[in-house]
Amino acid sequence: MTTQRTTGTARTIHLAARPQGFPTPDLFSVHEAPVPEPAPGTAVVENLYLSVDPYHREEMDSGWDLGAPREGRALGRVIASRAPELAEGDLVLHREGWRTHAVVAPGDAGVRKVPSYDGVPLTAYMSLLGGTGLTAYVALTRTLEFRAGQDLFVSAAAGGVGTAVGRFARLLGAGRIIGSAGTPAKVARLTGELGFDAAFDYHDGPVGELLAKAAPDGIDAYVDNVGGDHLEGAISVLREHGRIAWVGAISQYHSAHEPPAAPRNLFDIVEKSLRLEGVMVRNYPDVMAELEEFLVPHLRSGLVVPDVTVVDGFERTVDGFLGMLRGENTGKMLIRIAD
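Counted the way the UniProt record's numbering counts, the sequence shown spans residues 1 to 339.
Don't take each hint at face value.
[As the list claims (entries may be wrong)] Pairwise CB distance ranges, derived in the manner of DEER restraints: (1) Asp339 <-> Ala262: 24 to 34 Å; (2) Gly8 <-> Ala68: 18 to 28 Å; (3) Ala185 <-> Lys213: 13 to 23 Å; (4) Asn265 <-> Val310: 36 to 46 Å; (5) Asp217 <-> Ala87: 49 to 59 Å; (6) Asp204 <-> Glu85: 51 to 61 Å; (7) Val310 <-> Glu290: 21 to 31 Å; (8) Pro40 <-> Arg275: 44 to 54 Å.
It should be emphasised that the hints constitute simulated quantities derived from the structure, not laboratory data.
Think of the CB as a built atom: it goes at the ideal place given N, C-alpha and C, for glycine as much as any other residue.
Input sequences plus hints: build the corresponding full structure.
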């Protein structure tokens, strides 16, 4: 156990007002204070990377309190500790993001010391070996009960969860993997670099028609990050007894005050004996060790690399968040505060 007096300035980002439609930078404010001291049983972490995620947009409507620091996944280094479990220099994952410094306590939800895996880059712990990768792995192995040879459709396939799903599905022996994305460049990357067999730009026509063309024999499973017309299109193309893992609905995040449009073919879930189940990764913390055992050898060998887009500088956190919502990232969007 160590004790150290901290110095310097800590910065946090607060939500100043609720959004009406797409968020704007003026909804956020930056606050400064002295770097906190650790209380007994806690440690002070200086953050290195912050995560900005689609669910943060939903939290802006009601989940986050106004005038309080924002929450989010972060990776940081311990700079002062009064907790025997954490020593100065340890790398820690936690959920006190959107700030330069955080006070964490071992045993709190989301707080864990980063395991020591030689040859694994730090960005992996914020993407494939973090909540993003765990979401993808749970969606495939638990929700979909995905098996080798099955055909899969992934919406928002160039995003953090989407690229992870594609990587993992290929390692699990998938048949055909089809993805949707929002630009021709992302579509080209899905098939040229990320192992997708087919992909389409959802701006090019009705999603159901585009998907049916890409998967003329149908699909067995669907990982939904979008909702709306993507869910409707997937239902139309799924084979009997197909499964849907619903991770997110980014298509409706900016219209929280309006009832979202439901797919017009929901009754096909009955007709085809489909199964639709939501994915809430916080219900599966015990699966992380399994994910690490599955993935770390592939990260060490270089067969799998983290798919990330990195924005440099704490002052650009909001820019990175809004850029992620606009689809400017490929893979997981991260904010790098320090090396």
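Range agreement (Cβ of Ala262 with Cβ of Asp339, hint 24 to 34 Å): With Cβ atoms ~47 Å apart, the hint is violated.
Okay, Asp217 versus Ala87 on CB: inside 49 to 59 Å? 56 Å, holds
Please test the hint of 51 to 61 Å on the beta carbon pair from Asp204 and Glu85. 52 Å, holds
Is 44 to 54 Å respected by the C-beta to C-beta distance linking Pro40 and Arg275? Check passed, 49 Å falls within 44 to 54 Å.
Ala185 versus Lys213 beta-carbon gap, inside 13 to 23 Å or not: Once the Cβ atoms are compared, 20 Å apart, the range 13 to 23 Å for Lys213 and Ala185 holds.
With respect to the beta-carbon atoms only, verify the hint that Asn265 and Val310 lie 36 to 46 Å apart. 40 Å, holds
For Val310 and Glu290, compare the CB-CB distance with the range 21 to 31 Å and indicate the outcome. Since Val310 and Glu290 have Cβ atoms about 28 Å apart, the given range 21 to 31 Å holds.
Between Gly8 and Ala68, does the C-beta distance stay in 18 to 28 Å? Between Gly8 and Ala68, where Cβ atoms are some 22 Å apart, the hint holds.
Violated hint for the displayed structure: number 1, the only one.
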